[in-house]
Structures are given as structure tokens and as C-alpha cells.
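J.: The working numbering runs 21 ahead of the 1-based position in the sequence shown.
The hints are simulated quantities; they were obtained by calculation from the structure and are not laboratory data. We put the CB at the ideal spot given by N, CA and C, even for glycine. Hints may be right or wrong, so weigh each one.
What follows is a set of in silico ranges between Cβ atoms, one per label pair, in the way DEER data are often shown [what the hints assert, rightly or not]: (1) L108 x G925: 29 to 35 Å; (2) I813 x A470: 54 to 60 Å; (3) N739 x V435: 17 to 23 Å; (4) E766 x H401: 21 to 27 Å; (5) M22 x P119: 31 to 37 Å; (6) I813 x M22: 16 to 22 Å; (7) S106 x D28: 38 to 44 Å; (8) T828 x E426: 17 to 23 Å; (9) K930 x M22: 56 to 62 Å; (10) T828 x A762: 17 to 23 Å.
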Amino acid sequence: MTTYTLDWDAYTALARKTAAEGAVLLKNDNQTLPLATGTTISVFGRNQFNYYKSGTGSGGMVNVSYVVSPLEALQRHPDLTLNQSLLDVYEAWLEDHPFDKGEGWAAETWSQEEMPVSDELVAAAAEQSDVAIVMIGRTAGEDRDNTADPGSYLLTDVELTLIEKVSQTFPKTVVLLNVGNVIDMQWAVDFNPSAILYGWQGGMEGGNALVNLLTGAVTPSGKLPDTITRSLDAYPSTPYFGHEDRAIYKEDIYVGYRYFETFAKDDVLYPFGFGLSYTTFDVATDTIDMTEQQVTLTVTVTNTGEHSGKEVVQVYLEKPQGKLGNPARGLVAFAKTQLLEAGQSETLTLTAPLMEYASYDDSGLTGHKSSYVIEAGVYHLYVGTDVRKATHVATQTVGQLQVIETLSENMAPVTAFDRLKPQQTETGYDVSYEATPLRTVDPEARRLAERPAERTYSDDQGLTWQDVSEGKTSLDMFLDQLTDEDLAAIVRGEGMNSPRVTPGTAAAFGGVTDRLTAFGIPAACCADGPSGIRMDIGTKAFSLPNGTLVASTFNVELVADLFEMTGLELRKNGVDTLLGPGMNIHRHPLNGRNFEYFSEDPHLTGMMAVAELDGMHRVGVTGTLKHLSANNQEFHRHDLNSIVSERALREIYLKGFEHAVKRGQAYAIMTTYGAVNGLWTAGLYDQNTRILRDEWGFEGVVMTDWWAKINAEGTDANRQQTAAMVRSQNDLYMVVGESGANPFEDDTLTSITDSTLTRAELLRSAANICRFILRSPVMERALGQEATVEVIGLPEETMDTNEQAMTHQPLISGVPLVFDELVTSTGNSHVFAVTAEETGMYHVSLEVRSFAGELAQMPVTLFANNMPVATFTFNGTNGEWVTQTKDVFVFNPHNYFKLYFTLGGLDVKQITFTLTESFDMKNG
């Protein structure tokens, strides 16, 4: 058996290094940074006390043993002094203005109330300090977008006044942005602070990383993965974002810098790829080798300044407009240097495959519809350190059109709309529009013609899962033994918090019934990501820097090394796939989930996903790419229809996934909640079979997002149409409480009966699931050959607890769960696992006694899946048993509850859950 070593100190160092390399220095006048030894600092802004390690929702719910804030890291730094009198003012104010946690899922506050500052306070701070740091914080997340309002994308009046007063008073002012996404930056022009640093959301080591940057222990080298504009109105997608029913992608392929560098340069405050350093670099292109397959450049970077540092070289392509129209710039390659000392040089080799020159013709204008073509004309290459500074280095003339790849029409729109196209002028390009090509094929007729040959039930032949793993029989022969009922169950994932896998994780899949496990099929485990492992039982895990920050590093080697550590952590916790990386394009800055995703650019997105997969694959686990595809809005995400051209899909919204499949060897993918061109992606055959598998060669499992809807063309989407899911080769429905019971009353078996779904199609998905299992660590666990993960350097408080091994009790309405001599001393907790017969609203009654006096106060907080749901506060009862009742919504069938005793002194007899209002997720 293999033994791995997970060095927690090395993990921490890599995360800190990533968080530092991903921070982007936008401005640094007056030699504000780095801070000199002996500097006295005044720290303004309440965010210093409430650092956001991540955004919210499934991507941020990582239980951590600590989070280092920048304030804590500054306080611990031996060479810096903080203005304690200013800190005292903030701490006194916070007593009456506590942190607002909001109302739970998708109801969090995106920012906190800021403390107003007087002129006198700022002036007094300036007299005592050399430098001011103003911390501004924002969060956002799943199921709820940002808004174009103060406190969200915009700064509040109090925040604006704070920056204005401090910047006017302090010659050296650093504005430090703890945000998951770009925010409005007009204040940078209006108030002119001397330094601005985008710190993003850096995970549990974020504060240490930022202080390393502020002090010069690390030189900034991050680059913007998105364009920052003067106004939200500058984005061509703004009028079509935030609607309940549909999002029309009229901007087409002109997303982010592709739009601004073509049409609206003056609307840009900070261009894509921009980021300053404490040193300076010379970037010289040495050689350019153009072949029929690729372009290879060698570029020498020399550190011409006084500090050590790293630089990112970016290569952009300008295509001719031709008949199809193209952006003025497109990123085709990038590379980051090693740490260069003053005067040191490094020569980088960058390669752009021929496919980067090609454009997809979805209209037939070139005479080659549904093909990637290189049109005749002049192609220009630019090299530099951001899209605006990249200078021209080469010209290549193509004499006649070349067809690079002939494909077929897939996922084309059925709704007529006009899309953006450049109109060339003497000075550049004007915005014009053309009719978007609509669908010309019958996808259902085509699917029917492409169905696999039918197969029949063979009855039990005595073939076992171990026979398959040892090569004694084929997977197909083994699966032919499964009944239709078995196959209908295997395409249902079980969760959340399935007792079949690691406690508190997102789902089990594969061996999810007693019959399936009797054949030997084990249950694989998946857990949210992408910013660390979410385990709702409360198990501690490592909180990673978020996706936008990761992309800002432009350092694929570093990211791969970090995610190798994450892979070992997955193995340690019995998790086969992390539900990440998140790969959706930053189409618009108000998307609440942008923090999970990488960039507005598909090439950068794809390369970062490849790097994360590379790291995890080194140790035999993987990530699940999500969400395929065009998942660019959280508002009404279950019902949103994204109306987008086939060209934009292929060149922008699918391209990163294509890189991850072809270059990163991805073998797990999650579809979206919504629809693309009228078909919900969980049942979209053109996407899940024809493009993903037939064109890209994907060999793996495809799963829905949790409780997704599905439809067949012409029907309303719901959670019952799993036949359409299976037909499309989306293999797994995620999730139900009990896979063998069909609690959502899905139509898999009835569709077999009426022949709208074939057994062969069901077997195909079962095989995809099983092939995933065969190559995953769950196979080692099933065969008793599990690799050992030796953890060194892990703090004692984050070690595993006995909560990992727990039996689920049935939760029956009105039947007490009796406790036997609970330890209820101060700070203690008790975890118990239940499987609810019904989900919904419950009266939860806790029966206790205390021999303390009647004025004693003994709070007990009830947590459901590690989220606080009710607090019972008892007084002394003179030894009498008393009961308090709270309302608690039980969402999942499988749950981990925890009683946390804030103060000791109680005896706990029992807890009773009584159902008051039933809720069924199948129609929820």
C-alpha cells in the first residue's frame, strides 16, 4: 500500500505564497509600499476586525481552526507599530455595532456597517502615524448576486468619506480591498490614495500573505484576471444581466477585455493583466518560431529594479476581421518567471497552438459552417505585461482560408436576437450588430439516430465487482446483471450527509443501495469545494485562496503544487472528488459567485483548471469541473435560460472546460441549474454527449448540480425528468435522500417501460459512474488497500475527532431522542446523527434541568449540519425538568446535529422533533 505524507506546514506555506502572489497592486505612489522597518500604522475600517476568508454558499463553508486577518498579522509583526488609540476607538464602537451575520443561506449581508470618522480623529491618527491602511471588505456568494448599490458593488457614503478624509490627510495611504470580485473603483480617481492593493479573499492564511506583501517580504506579482472599468454601464452585458427568466448574450464573444480593447478603451481604469511590482522589469522577445502546428516564442525578462520580484509575460493575438469579425486582442499564452533578484534574467518559452488562431464559423459565412477556420489576412502577435502594454512583436500573413477542424452544429439558439460585431472605421471599430444564426437541426431526431444498441438483462451470473477490478470480466457483462431498478438507483446520488461516506460531505454515488453494495460496488464520495473541503459535521479543513485570487497568480506551477496538498487532504478525509474548480466566465461583475470562478478570459480559466487538476491527479484524486455551461448569474438560477450563440459558447463559455478536458484530463464534470437555449443543461444531449464526449474525448462522469431541474424540449423543467438526464449522458442526479426509494418520483423506470429511455442508455451512464469509481481511491478503500496519508505538522485542535464514526438514528416526529449522561460543561458539545422520515418545519423541544439558582443563564445552541439554527437559554430550575421549544427547518433527510453548551450546569434528558409542516424537495 502507498504511503503519502501531508506536511501541514508546507500546505500552509503554499497557501500563503499563493495568496501573496495573487494579490494585485494597482497603485503605489510616493514609495508608500513596502512599509519600512519601524513604521507606525493607523488602520482604518471595520473590515480589519472581520476579514472575509471567502465568499458564501457551498464554496465558502469550510470549517477552519483559525483565520489570520491582516490586523492580527500586523499586530504580530516585530518591525511595525500600530496606532493603539485608533484601535481602541474602533473596538469601543464595535461594542454597539456587532457583526451582522444576516439571515443564513443567500441572506447574508455583503458588507458591514462602517464607522464614521471625524476630521479630528483622522488628524490625530496622522500625528501619531507614518502610514494609513484603509480596509474595505465585501463578500457575496451562491444563490444571490451582487447589486449596483452602496454596500455591494459600490462603496457606501461612509466608506467614500473615510477614504477621502484619510487620503487627504495621510501622504501615504494604502487602500486594502478584501473582496471576492472587482468592485467600483471611481473613488481611486476621485480621492487619489497613494496605494491600492486588491487582496481578494485569501483563505485562512490571507492575513499573513498580505502583511508579507505590505512589508516587502514578498514583492507583488499578481495580475488582474478581469478588466476594471469606470462604470457598470460600460459592460455590454449589463442590460441583460439580472432578469428572472432569460439572459441574452448580445455581446457574443466580446466579453471583458475582448470588448473594451476593441470598442471602448477609454472606459477602462485598469486593464486585464495589469499589476504593479516593487521593482521594474525589461521584457524582450528573443525568437519567434512559426510552424504549421504552433507559434513558439522565447522571451527574456530582466529585473531592472532594486527589489527581487516575479513578472508575468502575456502573449496576445490580433486576428483579421475577415468575414466573421474578431476582438482586437485575445490571450493565447502566458508564463511567470521565478523569483528574480535585482539584475537577474530568465528566458521563458511560450507556445500558442494553431487552434488559438482559429475562429468558429456558426453561420457559414466562410463557406465552412460549424468549423474552426483560420481566415485569410494578417495576424499580429503582441507581448507584454498586460493587455494594454503588450507591444507588437510579429506579423503573420495567411494567404487563404484554412479549415482547422470540421465539427457539427450543437447547442445553437432557437430564439432570434442580434449579436455584436465590429464595424471597422478609419480610427478603429464601431459597435454594430448582425442576426445570430439559429438552430437548423432537429437535435431529438439526431439523438434517436445515435442511441446505443439495446442490451438485455442477463440475470445474476455470479460476476462480482472484484472480478471487474481484476480484469476477470468486462464492466459491461457485470452491469448486465443489474435490474432496471438497480440501474435507476445507481444514477441517483445520495445526500447530503449520506451515512455511506465521509460524514458531512455532499454526496455518495455508486453503491447507494444494499443490492448495489451486495454486488460489491462501493460508494464514492464528493465534497464541496472549490475553496476547501466542506464537511457539515464540523470537521476542520484547510480554507484555500478563492478562485479569482488563484487566477491572479498567473502561476500554474504554484497552483498545481497547492492543489497537490489539497489532493492529499481529500485522501485523508476519504473524499474522491472535490466539487471544483469553478470555471464559469466572469461575464459580469455582479455575479455573486464570481469569487469561486477564475476570470473573464477562457484561456486563463482553462489553464488554472488544468493546474488544479494536475495537482490533485498527482495523488490519485480529482476535481469536478463546474458548471457546464454558461452559468453566469445566481438570481433565479434554476429557471434562467441563457440565450447565446454557438460561436460564443465554443470560443468563450465552453473553451475553458475544453482545455481542462483535453489538457487536464478531467474525468468529472457538473452541469448547471439553468438552461442554455431552452434546454436545461442537466438534460442537454448536444452538450453532454456530442461536444463533451464525442468532440473532446471526455471519459468520465457527469453529474447535475444539487437538486437541479431537467427538461426535454417543449416541456417545463422539474426534478422528475431523469430520463432526459440519462439520455443526454448526464449520468448522476444529485441528490436524493435514499436512492433506492425514488423519493422524487423520477421518471427513469416509467420511461424504460414506455420506451422513451432505453436500458442501453441507462447502462451507459452506469458504466460512466463505475469507471469513475474504478480509477478513484474508493477502490482502494473497498479492496482494503487504502493508501495511508501521514499528516505532520497539523495543529492538535484540527485533528480528527470521533465525530467521524457515527451511526444515524431515525428521526421520527414526536419520538424523543434520549441522551445518556451528556457532558455539558462549558464549551463542550455533543454531536448526533439522524435520518429524518420527513423533511420540513419541526418544533424542537429540549428537556433539561439545573440545580443552579434561578438567575443563572445557561445557553445551549443547536447546530444543524454545522449551522446554528436555534439557541435555548435556560435559568436554574432547582432540579426540576423543564422544556423549551424552538422552530427548526430540517432541509436534508440526513443530518448532523450538535448541541453546544456555552455555559455548564445543565443536565440534558432528551430532545424531541415534532413535524409541523412537511416539505418535499422534489417540488421545492
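J.: All hints are to be evaluated individually against the structure, with a verdict given for each.
T.: Taking the hints in turn, this is what the structure says about them:
Distance hint check: the CB atoms of L108 and G925 are about 33 Å apart, consistent with the given range 29 to 35 Å. Restraint check, I813 to A470: a C-beta distance of roughly 57 Å satisfies the suggested window 54 to 60 Å. For N739 and V435, the Cβ-Cβ distance of about 20 Å falls inside the hinted range of 17 to 23 Å, so the restraint holds. Taking 21 to 27 Å as the suggested C-beta distance range, the pair E766 and H401 does not conform, at roughly 58 Å.
Remark: the range hint 31 to 37 Å for M22 to P119 is contradicted by a beta-carbon distance near 51 Å. For the pair I813 and M22, the beta carbons lie near 18 Å from each other, so the given range of 16 to 22 Å is met. Between S106 and D28 the beta carbon distance is about 42 Å. The supplied range of 38 to 44 Å therefore holds. Against the hinted window of 17 to 23 Å, the Cβ-Cβ separation of T828 and E426 comes to about 55 Å, which falls outside the hint.
Restraint check, K930 to M22: a C-beta distance of roughly 46 Å breaks the suggested window 56 to 62 Å. Between T828 and A762 the beta carbon distance is about 20 Å. The supplied range of 17 to 23 Å therefore holds.
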